[in-house]
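Dock chain B against chain A, hints included.
Protein chains: 2
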Amino acid sequence: MRASASFLALLRDNPQESHIASHQWMLRSGMIQQITSGIYAWLPLGLRVLNNISEIVRQEQNRIGAQEALAPTLQPASLWKQSGRYADYGKEMLRIVDRHDHDLLYGPTAEEVFTLLFRTHIHSYKQLPQCLYNIQWKFRDEIRPRFGVMRGREFLMKDAYSFDLTADGAKATYAQMFQSYMRIFHRLGLTAIPVRASTGPIGGDLSHEFHIVADTGESEIFYDAALDSPMSGGGIRERMSDFNGFYACADDQHKPEACPLSGEQLRTKRGIEVGHIFYFGTKYSEPLDAFVMDQKGNRVPVEMGSYGVGVSRLVGALIEANHDEKGIKWPISVAPFAVAIAGLSKGTEDMAETLYQSLLNQGVTAFMMDLDQSAGKKFADMDMMGFPYHILIGSKWLSQGLLDIKIRATGEIISCTPTDALSWMMDRCAPEVISGKKRPGSSEPLAG
Amino acid sequence: MRASASFLALLRDNPQESHIASHQWMLRSGMIQQITSGIYAWLPLGLRVLNNISEIVRQEQNRIGAQEALAPTLQPASLWKQSGRYADYGKEMLRIVDRHDHDLLYGPTAEEVFTLLFRTHIHSYKQLPQCLYNIQWKFRDEIRPRFGVMRGREFLMKDAYSFDLTADGAKATYAQMFQSYMRIFHRLGLTAIPVRASTGPIGGDLSHEFHIVADTGESEIFYDAALDSPMSGGGIRERMSDFNGFYACADDQHKPEACPLSGEQLRTKRGIEVGHIFYFGTKYSEPLDAFVMDQKGNRVPVEMGSYGVGVSRLVGALIEANHDEKGIKWPISVAPFAVAIAGLSKGTEDMAETLYQSLLNQGVTAFMMDLDQSAGKKFADMDMMGFPYHILIGSKWLSQGLLDIKIRATGEIISCTPTDALSWMMDRCAPEVISGKKRPGSSEPLAG
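Protein chains in written order, with our numbering: chain A, 1 to 448; chain B, 1001 to 1448.
Bound-form chain A, shown alone:
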């Protein structure tokens, strides 16, 4: 994409309404725009990140055999009356009356809809287990929407629903989903801490939240300091059993008098909740009549769980975890563009164009800084938008045939020839490298 052909929506100053870094940088780099309180439009730059996150979530859900479907945003109130949640949900549920005076609602979650899909089509243990998910807009009428997409009203959620014959089967599915979530956060470049949580309005017996540690997190989490070392150590801890031995609770579950840890053993941190999983047995299948025939010919209610990832919130959480005073530092797995190219002086345009076309031809997402701007302005904008790698073509190109690669995350600069720059980029930004199908290469260009 060329800057000159883009809908660029950069803001020079901090908007008044932004109180945390992610909200500020999303507005300043032109990722989102508020349409009304807690409701945002996603501008082209922001949508690319949102879609990249969705795609990682999709791949990891498909990997464990979950199948993608799509619930409508609006649901009939009758279905929620059947489950008994219509009255419970309170003012966060957006209630709507249509032209025929039928009661609808904008789904804040979709246990009822997916239980309905299940009960219509699945009748035998032979068809189990089943797991459906969708990535769809939800609405919760927060009394005080704030922090941009971190606590918006209309938000994108991945929600999955599992159906098993037995409680043991359902718990095995729960453990599989736990692992899928750890993989998702790992691929996003995030360290997520799984903590025991209360089940709230979803209900059930077993529940974990996944938190990203950040000073701006709205939750307080308490966990065994020993957890930090297995998580930062070599090898990814992703199985639920890796975490079972450690104390880790969200604030609503933490009872200081009952906590086995004290002093330096107990970590207390702020966390951003980016995932929440539930095992709730037959809480929905019984009232909604989702029964199957078991091996003995008995009709039994199906054992269920539900599993949510806050996809739009993750955009904010990722920025909270990856920014500095100049702007965003996107992890390569979700960056809107992997590489930005800037010609910094007259006579560098052809080289910039050649590199841009070469990268595009190889499937690399490249952004061309081709506006008539000072080098300083280009540096500032590339830093703010957070492209992981910048190719800078300046006077050194004209005098010595060398250009600079800048690594946004570290600030490191590498001088090299255009050929070396291309192969260096391919090692890190080729589609199959970013998607994890190929390991990143290690061929470093020689320093100039």
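The set of hints was computed from the structure by calculation and includes no laboratory data.
Treat the hints loosely; a few may be bogus.
[Unchecked claim] List of simulated lysine to aspartate or glutamate pairs, EDC-like, C-alpha gap at most 16 angstroms:
hint, chain 1, residue 1, chain 2, residue 2
1, A, K126, B, D1372
2, A, K91, B, D1101
3, B, K1091, A, D98
4, B, K1126, A, D370
5, A, K396, A, E349
6, B, K1091, A, D101
7, B, K1126, A, D372
Quantities reported herein were computed from a predicted structural model and do not represent experimental measurements.
What follows is chain B alone, placed relative to chain A:
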């Protein structure tokens, strides 16, 4: 995907509520399920088709330089009061009141939102032209929702919004969008007839609808019989200028007394409206204050157009155009899976598995009919679900080492070896062939 691991939702009988073929086959093949009147969930099989159509629309919109963004589903009433449409839109607009008594609405279209995005960020002729689009769920509270996704209430629309400095520029953009639409319908395997149309609640000076001819269409269209021959002739007519000389009107624009055609020269057909484009000048930019500085330093209202494709309706229209008494015949460009594989007798399982894995490894979307069912049931289900190509492995494999390829569209059967079957499939179903990046091969296997 294996049938045994799928959320299959096939119905044996015609559901009572379906009165047209597309609705019937979408329900019977388990593509959708009604959640309440005019509101559907998309089951895994249906969602794959919906996503394939969206992706073609996306590629063709990107090709003309339009940029993808995403408006929220809910919009503030205040914005529609500013444009003057809040009162006009009537009962089809779903009006909502939130917990703070603010008036919201579920967007039936998004001229106001995109005009707001534009006016916030674009201020100079130097940044023009701009064209943004989104593929997002819309809601129109139809008094009588019917025909499944053809006239649902919650529906998926691609809507684009263009911004030009001058009327001539806007008309050139309009012509470019016209061509993009013809390409989209062509890639979907549909013949769309562009007709002059009234501008309705969107307003404006110039408007075309794109209709798919089908007996079940809700509109009546009148057009020059000569149009049929250029459209079915060699080479694709896709430029607006190719159509300018021909009379073609929707019913609301057709005046028998003013029509220059008569007798056999005038075709009268039923049509399904799948696209609608508008040029409306400054109708929104003036009230919504979307002005830019022109070359002379004057503030001028931007010239706009909007352009819609009914993405979810296209699923129905495609089935209306591609079905028989056995079910759906998907064009390869949108098929949920390109190939189905069925082992029809004991001893064929290994060959079926080998072919399935080989196709998956090459990126072909393959569906494995691995349920314990009779050959007849497998034939019927593959036909109903409409997979373009079926690989049938039966007694001929055990006796002669041959299997059958069945072409769903024509019923033609080709006997060949597994190696020939694989190369035949790659010629037609490889991802780069389906996406049009590579021409379909012509290497036919020898008949067995």
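Hint check:
1. Simply put, K126 (chain A) and D1372 (chain B) have alpha-carbon atoms about 11 angstroms apart, close enough for the 16 angstroms limit, and the pair holds.
2. Between K91 (chain A) and D1101 (chain B) the alpha-carbon distance is near 12 angstroms, which keeps this suggested pair within the 16 angstroms criterion.
3. At most 16 angstroms may separate the alpha-carbon atoms for a hinted pair to count; K1091 (chain B) and D98 (chain A) meet this at roughly 9 angstroms.
4. Taken as a hint, the K1126 (chain B) and D370 (chain A) pair is honoured in the structure, with Cα atoms around 13 angstroms apart against an allowance of 16 angstroms.
5. For a cut-off of 16 angstroms, the pair hint linking K396 (chain A) to E349 (chain A) stands: about 14 angstroms separates their Cα positions.
6. With a CA separation close to 12 angstroms, the supplied pair K1091 (chain B) and D101 (chain A) stays within the 16 angstroms bound.
7. As the CA atoms of K1126 (chain B) and D372 (chain A) are separated by approximately 11 angstroms, the hinted pair is consistent with the 16 angstroms bound.
Figure legend: structure checked against the earlier numbered hints; every hint is met.
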